[in-house]
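A.B. asks: Residue-level listing of the chains:
Protein chains: 2
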Amino acid sequence: MKLYGYFRSSAAYRVRIALNLKGLAVEHAPVHLLRGEQNTPEFLAKNPQGLVPALELEDGSVLTQSLAIIEYLDATQPEPRLIPPDDRLAAKVRAVALAISCDIHPLNNLRVLNYLRTELRHGRKDVEAWVRHWLAGIDAVEQMIEPAPFCFGAKPSLADVCLIPQILNARRFAAPLDHFPKIMAVEAACAELPAFRAAHPSQQAGAD
Amino acid sequence: MKLYGYFRSSAAYRVRIALNLKGLAVEHAPVHLLRGEQNTPEFLAKNPQGLVPALELEDGSVLTQSLAIIEYLDATQPEPRLIPPDDRLAAKVRAVALAISCDIHPLNNLRVLNYLRTELRHGRKDVEAWVRHWLAGIDAVEQMIEPAPFCFGAKPSLADVCLIPQILNARRFAAPLDHFPKIMAVEAACAELPAFRAAHPSQQAGAD
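Chains as they are written, first to last, in this note's numbering: chain R, 3 to 210; chain A, 3 to 210.
Errors might be hidden in some of the hints.
Where chains are identical, the list cannot tell them apart; a pair therefore holds if satisfied intra-copy or between any two copies.
[Stated by the list, open to error] Subject to a maximum C-alpha distance of 20 Å in a straight line, what follows is the list of computed SDA-like cross-link-like pairs (lysine to any residue):
id: 1; residue 1: K157; residue 2: R173
id: 2; residue 1: K184; residue 2: L46
id: 3; residue 1: K127; residue 2: Y117
id: 4; residue 1: K127; residue 2: N116
No wet-lab data here; the hints were simulated from the structure.
Given the structure is predicted, the values throughout are model-derived calculations rather than measurements.
Make the full structure from the sequences, and use the hints.
C.D. replies: In structure tokens:
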């Protein structure tokens, strides 16, 4: 399998963690978002959204959307499970993943900040206030998780896979997290696992 | 079960369609977003995100996030299935649902437009341009679906459940859709089904 990603993309980072947790090796194909490589005809033929990540399977078909890719990996390579078998618990895990992936991350990604800067002509102060405003949504995540020590139990789930990249985004914008003891506990637990450490943006080819 | 929703919320509309397709009757508890009812302590105790929908189960526990709720319904009330059993097809269905739910809808919902109007002091022209810019993401959805006549085959899936509310959002902002023949075909097919018609915002108590 070949993963089209970008070292700093939160969504690609989620898929790297999931692949590592499952012990799946893939070829990494960097798509440099700042250089606009996601908008080439070649890449748009693979993902019409022009976004990373995209996972190319052995037969050449391409899966897109980080959570859809991780659900696919969890169905086809079930161990260790990232979506728990209990339906009620699975709903809680997915709710945290979606709270991050729908309600926090999309508002602060590169294309949105670029629109604020260029089309709407906002300066650094406005853009940073915007980012911090939506990052504050992580307060709800603190209330939704039940660390033991991972978000929902003794093993990492899709919730942890989404939370760790979001924590890095918060730190990039110096958003304080120290008053979230549950999130801090999850971060510490994940930092112990090589699967999370090896997926970190700083460990990817092309990281600056 | 009790569904906390709002007639105009796309995310609540998705859950209404899914419940109707599965023939599940629920009590409807309107949460009036324009009046700020989502931010009362009572509602925040049910959903710390202060968003609709939220589905209260018989034992009083509450599920949040529309896609997590629909995945739960699909696991516990499997017929008719909204996530196809084939893993590859399921990934395509989820990718369309997430392209809409992560990359189009969150950028144009009420709280974001309010931030543009109030904190960033943008007028109607800028806000409408913003909305249309992100609505244009539906172009990728046109390329991702394979209508026959629903998004992925002869029966509606989670992709259709997400696409129909997004089409309504596009029409509210007069975004043209006529050049998307596949999306138009899906809309026509869904309009034939009572489950979709009964879930329409105009059919809900409290609609204005």
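A.B. asks: At most 20 Å between alpha carbons: which applies to K184 and L46, within, between, both or neither?
C.D. replies: Between copies, since 19 Å is at most 20 Å while 39 Å is not.
A.B. asks: Checking an output row: K127 and N116, CA cutoff 20 Å. Within, between, both or neither?
C.D. replies: Answer is both; intra-copy 14 Å and inter-copy 19 Å each pass.
A.B. asks: What label fits K157 with R173 when the C-alpha limit is 20 Å: within, between, both, or neither?
C.D. replies: neither (24 Å within a copy, 44 Å between copies)
A.B. asks: As a check of your reading, is K127 near Y117 (CA-CA no more than 20 Å) within one copy, between copies, both or neither?
C.D. replies: both (15 Å within a copy, 15 Å between copies)
In summary, the one numbered hint that this structure violates is 1.
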